[in-house]
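Asks: Below, each chain spelled out in residue letters.
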Amino acid sequence: MPSYTCPETLMRKLTFIVFILLANILLTACGTSNTDAPAKAVETYLGALVAKDADRLPTLVCGDWEDDALLELDSIQAVDAHLDNAVCQQTGTEGDTSLVNCTGSIVLTYDGEDQNIDLSTFTYQVVQEGGDWLVCGTR
Amino acid sequence: MGLTQILASILTALLVGALTRSTTRVYFLLAASVLAVYWFQPVVPLRSFDFWLPSLSLALVLLIWFITSQTNAWKLHQNLVGLSVIIGLVTLVDLSRYIFSDPIFTQTSPPQFVQFFLFAIISAVTILLFSRFSPTWKLSVVILLLVAILIILKSPNLSLQTSILFRTLANRPIENASALDLRWLGFSYIAFRIIHVLRDKQMGRLPELSLPEFATYVVFFPTLAAGPIDRAERFAKDLRADTALTQDETLLAGQRIAIGLFKKFVIADALALIALNDTLAIQARTAGWMWIHLYAYAFQIYFDFSGYTDIAIGIARLVGIKLPENFASPYTKPNLTQFWSSWHMTLTQWIRSYFFNPFNRWVRGYKFIPAWTMILIGQLATMLLIGLWHGVTVNFLLWGAWHGLGLFLQNRWSDFVKTRIMTTNPRLQTALQFGGVLLTFHFVALGWVFFALSEPSLSWHVLMKLLP
Numbered sequence: 001m002p003s004y005t006c007p008e009t010l011m012r013k014l015t016f017i018v019f020i021l022l023a024n025i026l027l028t029a030c031g032t033s034n035t036d037a038p039a040k041a042v043e044t045y046l047g048a049l050v051a052k053d054a055d056r057l058p059t060l061v062c063g064d065w066e067d068d069a070l071l072e073l074d075s076i077q078a079v080d081a082h083l084d085n086a087v088c089q090q091t092g093t094e095g096d097t098s099l100v101n102c103t104g105s106i107v108l109t110y111d112g113e114d115q116n117i118d119l120s121t122f123t124y125q126v127v128q129e130g131g132d133w134l135v136c137g138t139r
Numbered sequence: 140m141g142l143t144q145i146l147a148s149i150l151t152a153l154l155v156g157a158l159t160r161s162t163t164r165v166y167f168l169l170a171a172s173v174l175a176v177y178w179f180q181p182v183v184p185l186r187s188f189d190f191w192l193p194s195l196s197l198a199l200v201l202l203i204w205f206i207t208s209q210t211n212a213w214k215l216h217q218n219l220v221g222l223s224v225i226i227g228l229v230t231l232v233d234l235s236r237y238i239f240s241d242p243i244f245t246q247t248s249p250p251q252f253v254q255f256f257l258f259a260i261i262s263a264v265t266i267l268l269f270s271r272f273s274p275t276w277k278l279s280v281v282i283l284l285l286v287a288i289l290i291i292l293k294s295p296n297l298s299l300q301t302s303i304l305f306r307t308l309a310n311r312p313i314e315n316a317s318a319l320d321l322r323w324l325g326f327s328y329i330a331f332r333i334i335h336v337l338r339d340k341q342m343g344r345l346p347e348l349s350l351p352e353f354a355t356y357v358v359f360f361p362t363l364a365a366g367p368i369d370r371a372e373r374f375a376k377d378l379r380a381d382t383a384l385t386q387d388e389t390l391l392a393g394q395r396i397a398i399g400l401f402k403k404f405v406i407a408d409a410l411a412l413i414a415l416n417d418t419l420a421i422q423a424r425t426a427g428w429m430w431i432h433l434y435a436y437a438f439q440i441y442f443d444f445s446g447y448t449d450i451a452i453g454i455a456r457l458v459g460i461k462l463p464e465n466f467a468s469p470y471t472k473p474n475l476t477q478f479w480s481s482w483h484m485t486l487t488q489w490i491r492s493y494f495f496n497p498f499n500r501w502v503r504g505y506k507f508i509p510a511w512t513m514i515l516i517g518q519l520a521t522m523l524l525i526g527l528w529h530g531v532t533v534n535f536l537l538w539g540a541w542h543g544l545g546l547f548l549q550n551r552w553s554d555f556v557k558t559r560i561m562t563t564n565p566r567l568q569t570a571l572q573f574g575g576v577l578l579t580f581h582f583v584a585l586g587w588v589f590f591a592l593s594e595p596s597l598s599w600h601v602l603m604k605l606l607p
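Line by line, the protein sequences give chains X and H.
Under our numbering, the first sequence has 26 at position 26, and the numbering climbs by one with no breaks.
Under our numbering, the second sequence has 217 at position 78, and the numbering climbs by one with no breaks.
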């Protein structure tokens, strides 16, 4: 026969559940503030691009840039692609938009021949939506 | 499930099996399964859906447990701990976005805590509301809800429309919407396990299960992606048994896992290169090549699926759970009835229990229907349902109809010959048996033409090409 928990014990157990929630929230507070989040967002975007991950890519860009991102991905579908020393850094802000510049390159290989796309020629525009930094265009 | 996830599952099962006993094992299995629901979920192009879909699976688990258990059951010690484990881990998965710079439990970053908190409140209110309704009403509504979700997920057009709806709400371009956007890991299996529990509750034959037992049964990590579909009371019996992981058990489990890995990652993946698909169906120039593609597909689907089942059975064995078998050499069976008793057995048993038998009883109520018509209706309806379970498309319907008609014809033929062809000649018996195996295999293989391809016209083209 199952024995039901008495009110005091029940309260203790409910308190335990609340404690778990609070502990989780505390863990959050202890987490790093991650000031390089826009730069990290661009690095993740570039990683998904060269991995040709068509499912992940749309989750890393804003709605307005989704078509362009998928077009970029289409343009490298037929070649091998990898990043070479890609490092990004936030270089400024424009209103709500963070500007990110990268060094290194995207290396495209076709038929044994390498073509380098110099990442320093782009400035990535990154915006925050729903708490996430999303790539939203280039200059 | 990829190789990394399989290896992590083996390691987890080994640790849980070796270090815990029945009383604590269930909590560790629950915790591992809750995390696996998130980790195994593939990334989908809709942002945070790789968090929301698993969260919905777990919310459904809680809802079903609350409406099928006794009123105050949640106050029991075991259930409160189970509730803490689920809520605590789901919260941790969400809050991990603030702790780690890269997502570790999900494929992409989980949503903000505020959104998750709102989801948790809505889920709790829904569970409370459902608990207040009459038992018959709430069980029926949940079954209908699950069937509706299954229809949406399995129907390409409805999936596409749902994706468009979500994209519109998220202010995303709808031109990029796809029917594949809503890949909800394991939902077909989760839904069938839950419907089994709900139907058994309605019939009054469901034993009382604790929350950790029920939740672990529904989202048990080895069976999450590809089954088998166990029965809740059998699964709970294994969970409650105080079994220790012995050396013999470990060896047997390891052997089963090794066989499964070989079937899946060596045989099936190699056959996949030449197995029939839309592209090869157009490219194949001769009947000979088309047969090779078809045979390759027949064996690829078998080794792939049975390989996954072997892996699941082996991993489960490490934690003392003896999952039911899903395959019993189906391609060596001499007739279609026996084939269906040995192919995806847990699904066919489920369909038999919850559709075929009740449906047949209902049809038998109409006395004016001749017996052969009843058999035809029963076989056809059952196989069409199995076809639709794989996807609401014309080709899956044709595949179901192919097998429904095949089973009916085989039933009639068996009735016809059993009084006419009686032989005691062992050679003739062997020849008949061998002929039956060949005929059944080729009937099943030709059925795969509908299953493997996306369009009826393409299937027709292949069937015509197969003829010399």
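Quick caveat, the hints were computed from the structure, so don't treat them as lab data.
Being a predicted model, the structure only gives us computed values, none of them experimental.
Among the hints, a few may not be true.
[Claimed, not checked] Every beta carbon over 12 Å from chain H, so not counted as near; a handful from chain X, in silico:
| id | residue |
| --- | --- |
| 1 | T59 |
| 2 | Q125 |
| 3 | G137 |
[What the hints assert, rightly or not] Chain X regions said to be covered by chain H (calculated; three or more residues, Cβ under 8 Å):
| id | stretch |
| --- | --- |
| 4 | 49-58 |
| 5 | 93-101 |
| 6 | 105-115 |
No residue lacks a Cβ here, since even glycine has one placed at the ideal position from N, Cα and C.
Asks: It remains to establish, for every hint, whether it holds in the given structure.
Replies: Against the structure, the hints:
1. Some Cβ of chain H comes within 12 Å of the Cβ of X/T59; the nearest lies about 5 Å off, and the non-interface call is violated.
2. Residue-level check passed: X/Q125 sits 17 Å from the nearest beta carbon of chain H, beyond 12 Å.
3. With a least beta-carbon separation of about 14 Å from chain H, X/G137 lies farther than 12 Å from that chain, consistent with its non-interface assignment.
4. Counting residues of the stretch 49-58 of chain X whose CB lies closer than 8 Å to any CB of chain H gives 6, so the stated coverage by that chain holds, three being the minimum.
5. Residues of the stretch 93-101 of chain X lying with their CB closer than 8 Å to a CB of chain H number 0, which falls below the three-residue condition for coverage.
6. Counting residues of the stretch 105-115 of chain X whose C-beta sits closer than 8 Å to any C-beta of chain H gives 0, which falls short of three, so the coverage hint is violated.
Going through the hint list in order, the structure does not satisfy hints 1, 5, 6.
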